[in-house]
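Using my numbering, the letters of the sequence shown map in sequence onto residues 36 to 310.
Treat the hints as calculated values from the structure; they're not laboratory data.
Note that the coordinates shown come from a computational prediction; the quantities given were computed from them, not determined experimentally.
There's no promise every hint is true.
Below, simulated DMTMM-like cross-link-like pairs (lysine to aspartate or glutamate); rule was C-alpha separation at most 25 Å, straight line [unchecked claim]:
id	residue 1	residue 2
1	Lys260	Asp115
2	Lys167	Asp236
3	Lys201	Asp239
4	Lys184	Asp236
5	Lys167	Glu215
6	Lys201	Asp236
7	Lys99	Asp236
8	Lys57	Asp76
9	Lys98	Glu261
10	Lys189	Asp203
11	Lys310	Asp283
12	Lys99	Asp254
13	Lys57	Asp97
14	Lys57	Glu105
15	Lys214	Glu204
16	Lys98	Glu210
17	Lys169	Glu105
18	Lys189	Asp219
19	Lys98	Asp115
20	Lys99	Asp239
21	Lys260	Glu44
With beta-carbon atoms standing in for the labels, derived distance ranges [unchecked claim]:
id	residue 1	residue 2	range
22	Val220	His180	20 to 26 Å
23	Met292	Tyr150	20 to 26 Å
24	Ala208	Arg131	21 to 27 Å
25	Gln49	Ser272	45 to 51 Å
26	Lys64	Ala208	41 to 47 Å
27	Ile109	Gly79	19 to 25 Å
28	Ser267	Ser80	57 to 63 Å
29	Gly202	Lys98	28 to 34 Å
30	Gly79	Tyr150	36 to 42 Å
31	Lys184	Gly217	35 to 41 Å
From the three backbone atoms N, C-alpha and C, an ideal C-beta is built for every residue, glycine too.
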Amino acid sequence: MKMNNNIIEYWNTQRGKIRSRKGGWRVGKGVFCHGYNLLEDLAGSHSYFQVLILQATGRLPDKKFADWCEAFFICLSWPDARIWCNQIGALGGTVRASVVAATVAGVLAGDSRAYGQRTLVEGLQFIQGALKEKRRGLTARDIVHQECKRQGGKPQIMGYARPIAKGDERIIAMERVGKELGFDVGAHLSLAYEIENVLLDEFDEGMNIGGFVSAFFSDQGYSPKETYQICSVLIASGVTACYVDTYDRPPENFLPMHCDDIDYQGPPPRPVPEK
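Go ahead and model the full structure; you've got the sequences and the hints to work with.
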C-alpha cells in the first residue's frame with residue numbers, strides 16, 4: 036500500500052512524544068487544564084460539572100449552566116434494571132464482574148443511535164437546522180411536514196415521541212430547574228415547543244427529554260459534538276445502582292431462566308448423523 040509522504044512526515048514529528056492541546060501535569064509547577072491550574076484555580080472553587088464541561092469542550096461554563104447539567108444527569112440516572120443499559124449493570128453484578136467493568140459496559144450499551152446519549156447529536160442537528168429553516172420563513176408546521184416527508188410520512192423526529200409512555204415527566208423537572216436557576220426560553224427551545232404543539236395536534240405525540248435538552252444546549256451555544264462529549268457518561272450512575280442491587284444478592288439471581296422459557300422457533304430436533 037502506497038503511503039502518503041505527508042502522513043509519514045507528520046507521524047515522524049509525533050514519534051516518541053506525547054503532545055497535548057488540553058493540558059497535563061508539569062512536575063513542580065502544577066496540573067493544567069485548558070489554561071487553568073487544576074489544583075489552584077479549579078479545585079474547591081468550581082463544581083465538578085464545571086470542570087467536566089471544561090474538559091469536554093475547552094470552555095469553562097458558569098455554575099448556573101453546570102448546575103442545570105447536573106440536574107439533567109440526575110434525571111437520566113434511573114436505578115431501574117428494566118432499562119436496556121441498566122440490565123448490563125445488573126448482569127455484571129449477578130456474575131460478580133467488577134463495578135467498573137459493569138458500569139462501562141452499560142455506558143457503551145447506552146451509546147446507541149436509537150436510545151441514549153448519542154441521540155442528542157441528531158436531536159441538536161435537527162433543532163438547529165429547524166431554526167435556520169424558520170428564519171428562512173418556514174413555520175413549525177412546515178418543518179414537521181417536511182421532516183415527516185423525509186421519514187415516509189411518519190412523525191419520527193429525533194427528540195419527539197416516546198415508547199411505552201405519553202409525555203415526559205423529566206421535562207417538567209428540568210423546566211422547574213431552569214426556572215429556579217433563572218434561564219429564559221431561548222429561540223431553539225421556543226421552536227421546540229412550537230413543533231411539539233404541531234405533533235400533539237396531528238399525531239398525539241409530544242416532546243421527550245432528548246428534544247428538550249437538545250434545544251436547551253443549542254440555546255447555550257453548544258454544538259452536537261460538544262453536547263455528546265459532555266454527556267458521554269450520562270447514564271453511568273443508574274447502571275452502577277443496578278450493579279450494586281444484584282451484587283448484594285446471591286450470585287446469578289438476575290432473570291434466571293428455564294429452558295422452556297425460551298420461545299424457540301427454529302428447526303425441530305433432528306438426529307446427529309453417525310460418522
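Now for the hints, and whether the structure bears them out:
1. Taking the CA atoms of Lys260 and Asp115, the gap is about 28 Å. The hint is violated against a cut of 25 Å.
2. The straight-line distance between the Cα atoms of Lys167 and Asp236 is roughly 23 Å, inside the 25 Å bound, and the hint therefore holds.
3. For the hint pairing Lys201 with Asp239, the CA-to-CA distance comes to about 9 Å; that is within 25 Å, so the pair holds.
4. For the hint pairing Lys184 with Asp236, the CA-to-CA distance comes to about 17 Å; that is within 25 Å, so the pair holds.
5. Our distance criterion of 25 Å between C-alpha atoms is broken by Lys167 and Glu215, whose separation comes to about 29 Å.
6. For the suggested pair Lys201 and Asp236, the alpha carbons sit about 14 Å apart, so the restraint of at most 25 Å is met.
7. Straight-line distance between C-alpha atoms of Lys99 and Asp236 comes to about 34 Å, which puts the hinted pair past the 25 Å bound.
8. Taken as a hint, the Lys57 and Asp76 pair is honoured in the structure, with Cα atoms around 15 Å apart against an allowance of 25 Å.
9. For the given pair, Lys98 sits about 18 Å from Glu261 by alpha-carbon distance, which is consistent with the 25 Å threshold.
10. Distance check on the hinted pair: Lys189 and Asp203 sit about 20 Å apart at the alpha-carbon level, within 25 Å; holds.
11. As the CA atoms of Lys310 and Asp283 are separated by approximately 49 Å, the hinted pair breaks the 25 Å bound.
12. For the given pair, Lys99 sits about 14 Å from Asp254 by alpha-carbon distance, which is consistent with the 25 Å threshold.
13. This hinted pair checks out: Lys57 and Asp97 have alpha carbons roughly 19 Å apart, not beyond 25 Å.
14. Under the criterion of a C-alpha separation no larger than 25 Å, the hint pairing Lys57 with Glu105 is consistent with the structure, at around 23 Å.
15. The straight-line distance between the Cα atoms of Lys214 and Glu204 is roughly 16 Å, inside the 25 Å bound, and the hint therefore holds.
16. With a CA separation close to 17 Å, the supplied pair Lys98 and Glu210 stays within the 25 Å bound.
17. The hinted pair formed by Lys169 and Glu105 fails the criterion: a straight-line CA distance of about 31 Å is larger than 25 Å.
18. Note on Lys189 and Asp219: the hinted pairing is violated, with a Cα-Cα distance of about 32 Å set against a maximum of 25 Å.
19. For the hint linking Lys98 to Asp115, the alpha-carbon distance of about 30 Å lies beyond 25 Å, and the restraint is violated.
20. Restraint check for Lys99 and Asp239: not satisfied, since their Cα atoms lie roughly 34 Å apart, outside the 25 Å limit.
21. Restraint check: the Cα-Cα separation between Lys260 and Glu44 comes to about 29 Å, which exceeds 25 Å; the hinted pair is violated.
22. One distance hint, 20 to 26 Å for the beta-carbon pair Val220 and His180, holds here, with the actual separation near 24 Å.
23. Checked against the hint of 20 to 26 Å, the C-beta distance between Met292 and Tyr150 comes to roughly 24 Å, which is consistent with it.
24. Look at Ala208 against Arg131: about 35 Å separates their beta carbons, and that is not inside 21 to 27 Å.
25. The hint said 45 to 51 Å for the Cβ distance between Gln49 and Ser272, and at roughly 37 Å that hint is violated.
26. At roughly 43 Å, the beta carbons of Lys64 and Ala208 sit within the given window of 41 to 47 Å.
27. As the Cβ distance of Ile109 to Gly79 is approximately 23 Å, the hint placing it in 19 to 25 Å holds.
28. For Ser267 paired with Ser80, a C-beta distance near 24 Å fails the hint of 57 to 63 Å.
29. The supplied range of 28 to 34 Å is met by Gly202 and Lys98, whose beta-carbon atoms lie about 30 Å from each other.
30. Separation of Gly79 from Tyr150 is about 37 Å and conforms to the stated range, judged on CB atoms against 36 to 42 Å.
31. Distance hint check: the CB atoms of Lys184 and Gly217 are about 39 Å apart, consistent with the given range 35 to 41 Å.
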